[in-house]
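Peer 1: Put the two chains together into one complex, using the hints given.
Taken in order, these protein sequences are the chains called A and P.
Anchor point for the first sequence: position 39 equals 50 in my numbering, and the numbering is continuous, going up by one each time.
Anchor point for the second sequence: position 186 equals 202 in my numbering, and the numbering is continuous, going up by one each time.
Calculated from the structure, these hints are not laboratory results.
Note that beta-carbon positions come from the ideal geometry of N, C-alpha and C, so glycine has one too.
Some hints here could point you the wrong way.
List time: in silico DSBU-like cross-link candidates among lysine-lysine, alpha-carbon distance up to 30 Å [unchecked claim]:
no., chain 1, residue 1, chain 2, residue 2
1, A, K208, A, K97
2, A, K290, A, K252
3, A, K74, A, K287
4, A, K77, A, K19
5, A, K114, P, K261
6, A, K97, A, K77
7, A, K287, A, K300
8, A, K74, P, K261
9, A, K19, A, K97
10, A, K132, P, K261
11, P, K261, A, K97
12, A, K290, A, K304
13, A, K77, A, K252
14, A, K287, A, K77
15, P, K261, A, K90
Footprint (simulated), chain A over chain P, 3 or more residues, beta carbon under 8 Å [said to hold, decoys possible]:
no., segment
16, 106-112
17, 235-249
18, 255-261
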Amino acid sequence: MTHLLDIKDLQVTFSNRHGDLRVLDGVSLHVGRGEILGIIGESGAGKSMTGNAVMGLLEPPGKITKGDILFDGVSIIGKAEGLRGKHISMIFQDPLTSLNPLKRVGDMLTETMRTHLPIGKSEAEERARASFEEVGLDPSRLDAYPHEFSGGMRQRVVIALALAGEPELLIADEPTTALDVSVQAQILELIRNLCEKRGLGVMLITHDIGVIANSCDRVAVFYAGRPVEIAGVSELLAHPKHPYSEGLIASMPRIDADSRHEMLRQIEGSMPALNKLPKGCAFAPRCHKVMDKCLEQQPIMQSGRAACWLGEA
Amino acid sequence: MAGNSHGLFVWNGHMALIIIQRLLQSSLVLLLVAFVAFSMFRFVGDPVENLLGQEATLEDRAILTERLGLNDPLPVQYIRFVGKVLSWDFGVSYRTGVPVADMISERLPATLELALISAIFAMVLGISLGVYTAINRRGWLANFVMSTSLIGVSLPTFLIGILLIWVFSVELGWLPSFGRGETTDIGGWDTGLLTIEGLRSLVLPAVTLGLYQMTLIMRLVRSEMLEVLREDYIRFAFARGLHTKSIHQRHAVPNTLLPVITVAGLQLGSIIAFAIITESVFQWPGIGLMFINAVYFVDIPVMSAYLILVALMFVTINLIVDMAYFAIDPRIRSGAGGGK
Numbered sequence: 012m013t014h015l016l017d018i019k020d021l022q023v024t025f026s027n028r029h030g031d032l033r034v035l036d037g038v039s040l041h042v043g044r045g046e047i048l049g050i051i052g053e054s055g056a057g058k059s060m061t062g063n064a065v066m067g068l069l070e071p072p073g074k075i076t077k078g079d080i081l082f083d084g085v086s087i088i089g090k091a092e093g094l095r096g097k098h099i100s101m102i103f104q105d106p107l108t109s110l111n112p113l114k115r116v117g118d119m120l121t122e123t124m125r126t127h128l129p130i131g132k133s134e135a136e137e138r139a140r141a142s143f144e145e146v147g148l149d150p151s152r153l154d155a156y157p158h159e160f161s162g163g164m165r166q167r168v169v170i171a172l173a174l175a176g177e178p179e180l181l182i183a184d185e186p187t188t189a190l191d192v193s194v195q196a197q198i199l200e201l202i203r204n205l206c207e208k209r210g211l212g213v214m215l216i217t218h219d220i221g222v223i224a225n226s227c228d229r230v231a232v233f234y235a236g237r238p239v240e241i242a243g244v245s246e247l248l249a250h251p252k253h254p255y256s257e258g259l260i261a262s263m264p265r266i267d268a269d270s271r272h273e274m275l276r277q278i279e280g281s282m283p284a285l286n287k288l289p290k291g292c293a294f295a296p297r298c299h300k301v302m303d304k305c306l307e308q309q310p311i312m313q314s315g316r317a318a319c320w321l322g323e324a
Numbered sequence: 017m018a019g020n021s022h023g024l025f026v027w028n029g030h031m032a033l034i035i036i037q038r039l040l041q042s043s044l045v046l047l048l049v050a051f052v053a054f055s056m057f058r059f060v061g062d063p064v065e066n067l068l069g070q071e072a073t074l075e076d077r078a079i080l081t082e083r084l085g086l087n088d089p090l091p092v093q094y095i096r097f098v099g100k101v102l103s104w105d106f107g108v109s110y111r112t113g114v115p116v117a118d119m120i121s122e123r124l125p126a127t128l129e130l131a132l133i134s135a136i137f138a139m140v141l142g143i144s145l146g147v148y149t150a151i152n153r154r155g156w157l158a159n160f161v162m163s164t165s166l167i168g169v170s171l172p173t174f175l176i177g178i179l180l181i182w183v184f185s186v187e188l189g190w191l192p193s194f195g196r197g198e199t200t201d202i203g204g205w206d207t208g209l210l211t212i213e214g215l216r217s218l219v220l221p222a223v224t225l226g227l228y229q230m231t232l233i234m235r236l237v238r239s240e241m242l243e244v245l246r247e248d249y250i251r252f253a254f255a256r257g258l259h260t261k262s263i264h265q266r267h268a269v270p271n272t273l274l275p276v277i278t279v280a281g282l283q284l285g286s287i288i289a290f291a292i293i294t295e296s297v298f299q300w301p302g303i304g305l306m307f308i309n310a311v312y313f314v315d316i317p318v319m320s321a322y323l324i325l326v327a328l329m330f331v332t333i334n335l336i337v338d339m340a341y342f343a344i345d346p347r348i349r350s351g352a353g354g355g356k
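Just chain P, with the same shape it has in the complex (with noise of 0.2 Å):
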């Protein structure tokens, strides 16, 4: 057993070993969508007739093809690509012209904004549900959450979207039913979360887009919850007179909430995926819709950014939760691995 601020020397360098390990794997994860995503332009389509149309002559083509590189050996055209895409350009858009970095720019804010809210209403209610529906297992109340949440876990999400609107706009006429509502503009980022009128609008989808998150979670942190409240060391505190309230919370909680991290990162991840449906749904301006256009219209440049900004989303939030673990979990920081 080392003294203490030897100890603190030992893990900070695990610490910072276990990062680099990340770091690498997450770039090899990106290197290799980016392969995929960079494949998509020579195999889906020929990107010279795309860009110049059927009618173009033979020495047109030879010379945007000499222009485009595709002349160069395979890997020098790859490298080429992960160059430009490290500089954030992901080409022109077949369809309207407009780089695609500029249309990616334009319509990310309302996929974050919209992603934002819906994790922020799954995590905190999935969280307050399960505790309080383990804590109260046998109450009716309870029962009553986890009958219901069976609804959320089985609906998908387009109807669950198409019902809300039904309800919510058309019957009752509180909400809006499509759009992003009045945006503000703060430094290039357009951003709907400081009027009313785009807070509204924000509600029927983020719900829509949260909910099975939501009850996902809440349905894992009832059953761990559960588990930890029969540990050894939950009975011990009850046994030296702890108050019921400061075992469920300082106690129970946080040790239910551990394994809970990881499948709740992944959720978010998928939250930003699953933003198509919700998107189209809610023909909210975002990159999900963008990118069901592209796909109609085969934009491959459309395609292959949102590919990559996607996969870019799910390695950070990896990368973040990994990181997490660092914080809470003690036994992982020290780097004595195993072990409950």
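Same shape as in the complex, but just chain A (with noise of 0.2 Å):
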């Protein structure tokens, strides 16, 4: 069966006079219809870039210099800007800055709407309420300006925007980072309910894993530019097979009675940069297990799991 969505060996490359920096490397990975994916890693792992060539929205001079995406099969790097809105949408971080503040939303809603589907104005202005009541608000305020809404309901207009074309991929970059906690997880459940409701895929952007473990099927763990682990929530959660996705879970404070006296854990230490990468494995500077192969060759992620040689051994 082909994905919805299919990263293969994935490979972004900034250059500039300096010289070349490969901000993404072999990062392969794949969302089906209705599953819903998360993204974890650090400021720089290459999360919001992997969003970012799905999207074809690469910054110049960022290129994809190897490996393919395919959408339903068919590779789409050079092709995207063709698939915006009608197949693949993406919503960003800040629902404050993300919507034209001199537009009434539901002429931005009937815009994007009437730019991708053959209907008339009184349709979409049918279908734009509908939407309003599919994300959970009252179609009587389509009339209204950006401004005039809170932060998560504009964040939900967004979604309603995102979604107007009828994409069958939804990549959100961070859609909760600007919400306070209680609107955030009715965003992730709003999100939920649209995945599962019209078999949409999704690729949740985050760096928090409270928002993967409420929400995501599978996650894929990125570090220093590409996937270090890749495996099902409650999997991952609960047996962590890369020692930096034990560490992020580690660093994750949790209430039930026996960690109440333990000390919250952190990893040592920072990302190394992009242009200083180690020989080895990214994570080996950091990694309380290292072993000596690991200074050495860089771990291959083997049958879809983790990459790293503690497996291996």
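Peer 2: And the structure:
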């Protein structure tokens, strides 16, 4: 079966006169219909870059230099512009700045619908009302301007807009980071529902492992420009295979009884700069289980679980 | 969050309040300017001497001083002055003996037409070139326009005027170098916009007067537009697949023009003020030229009337700019204030 989105060995390079910078290297992952794939990692690990590469929105001089991105089995590199909105859509971190302040939200909604669907004005208005209801907003507010909504409501408007062209894949780049926790949960639940109801595939980018635990089916852990572990969420949380995933989970505060007196653990050190990656495993300098082999040779992800030499030994 | 009908009521009330506030501020500014204009009579030369000349007898002087009300207390004189100005009476020119109000109504059309055409030239060309150079940031044509525009910003107006006369009137002989050409009288308004000769005469002075504003508006629009193109809502518009052209036209340009309105309004005011130089270079029979002549002869009534007139235009334009924001920006309309 073909996956909705299939990224194969993707490499993205930023070139300038100082040389090449590989911001993504060897990224392979896939998203199915009706599935939420979480992407987690530190800032600069390549999460958003992966999303932008799929959307064809890489800022120059960023370029895809290797690998392929398949949508429904067809390569879309260089062709993403024709798919945006209609097949793949994306939402961003800050709902406060994601909406044109001078336009009524209803107008933006019908504008986006009529760009992608062969419908007239009145049908677009009809659909706009339906889509407002779908994302949990009162259709009477279609006449309002963005500043008349709260942050969480604005993110609902943003989601309605992103889905206006009825795409099959949604890339959500930290959609809840700018919202407070109670609103976060509502937005995640909304995304979860849309995913189930519409069969929408979602790539949910976040740096919050709590978000992953609550809403994703599978998760890809990114480190220094590549996924180091990809697994089902419950499996990853219970039995992380990569020491980095393990560290991430251990750094998450928990409220169960036995952990109450434990200190919260953190991963020592910080992610290496992309132009100063070590020879072997990029995580080796921070890894508490490091072996000689890790410093020599870069581990490869075997049969889609973890890129780590530990499992091999 | 109020419902829609209620919301409408709220911003109407809010708007009325702002308008009243602005009108009060404008009146205050005009009263202050009128005070300066009034003081000119007192402190620049002696009006009695100006009117009678140096051979008048002491008795004549006393009679005239009494007749002009110059023996009254200062506040009374000021109030009388403001009252006259309000009824469009600026006194009689020392030099020509003609009522200043008549001189103004005879010459104002020339200046207003010149300013209007310059402003249209500056805005239309400035905005379109600014948008073009922002969208095609790396194109050679955009870069060429940008570097040429430096000339427009750095050359003084009179030099541009003289250069244009030299090229287009003297060397090429295409356009007249001075005056308004043929004019038509429509209900007391002397217009040069209806005859070919009148329009041809307008070209050089209008370009001279508007060139600086045009380049200024262009550079402002370009930098604003570049800023707007980096905004999240533009990225999001691309991400949901809107066409590039409609993203530029319907989303980026309106947001770009918002801060430009204020500057453009002020520029329009200075177009009228700067018209003095252009009118001198092109011997354009407008109020700027009238003012320059008045300065040579210390014709105080004309100078003070000019001062009040220019202030009135500035204040009016500013008022219109403020109103324009209400029409365009929903955030100001609802009194939400602040926030991007």
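Peer 1: Would you mind marking each hint as holding or not holding in the structure?
Peer 2: Structure-based check of each hint:
Distance check on the hinted pair: A:K208 and A:K97 sit about 18 Å apart at the alpha-carbon level, within 30 Å; holds. For the suggested pair A:K290 and A:K252, the alpha carbons sit about 21 Å apart, so the restraint of at most 30 Å is met. Proximity of A:K74 to A:K287 is assessed by CA-CA distance (about 20 Å); at most 30 Å being required, the pair is judged to hold. Taking the CA atoms of A:K77 and A:K19, the gap is near 9 Å; set against the 30 Å cutoff, the hint holds.
Annotation: proposed proximity of A:K114 to P:K261 holds, straight-line Cα distance about 17 Å (limit 30 Å). For a cut-off of 30 Å, the pair hint linking A:K97 to A:K77 stands: about 26 Å separates their Cα positions. A distance of roughly 21 Å separates the Cα atoms of A:K287 and A:K300; the hinted pair therefore holds under the 30 Å criterion. As the CA atoms of A:K74 and P:K261 are separated by approximately 24 Å, the hinted pair is consistent with the 30 Å bound.
Distance check on the hinted pair: A:K19 and A:K97 sit about 23 Å apart at the alpha-carbon level, within 30 Å; holds. With a C-alpha separation of about 20 Å, the suggested pair A:K132 and P:K261 falls inside the 30 Å cut-off, and the hint holds. As the CA atoms of P:K261 and A:K97 are separated by approximately 17 Å, the hinted pair is consistent with the 30 Å bound. Proximity of A:K290 to A:K304 is assessed by CA-CA distance (about 11 Å); at most 30 Å being required, the pair is judged to hold.
Note on A:K77 and A:K252: the hinted pairing holds, with a Cα-Cα distance of about 27 Å set against a maximum of 30 Å. Proposed proximity of A:K287 and A:K77 is supported: the alpha carbons are some 21 Å apart, at most 30 Å. A threshold of 30 Å between alpha carbons decides the hint, and for P:K261 with A:K90 the separation of about 18 Å falls inside it, so the pair holds. With a threshold of 8 Å between beta carbons, the proposed coverage of the segment 106-112 of chain P by chain A is violated, since 0 of its residues qualify and at least three are required.
Coverage of the segment 235-249 of chain P by chain A holds. Counting CB-CB distances below 8 Å, 3 residues qualify, and the rule asks for three or more. Counting residues of the segment 255-261 of chain P whose C-beta sits closer than 8 Å to any C-beta of chain A gives 5, which meets the bar of three, so the coverage hint holds.
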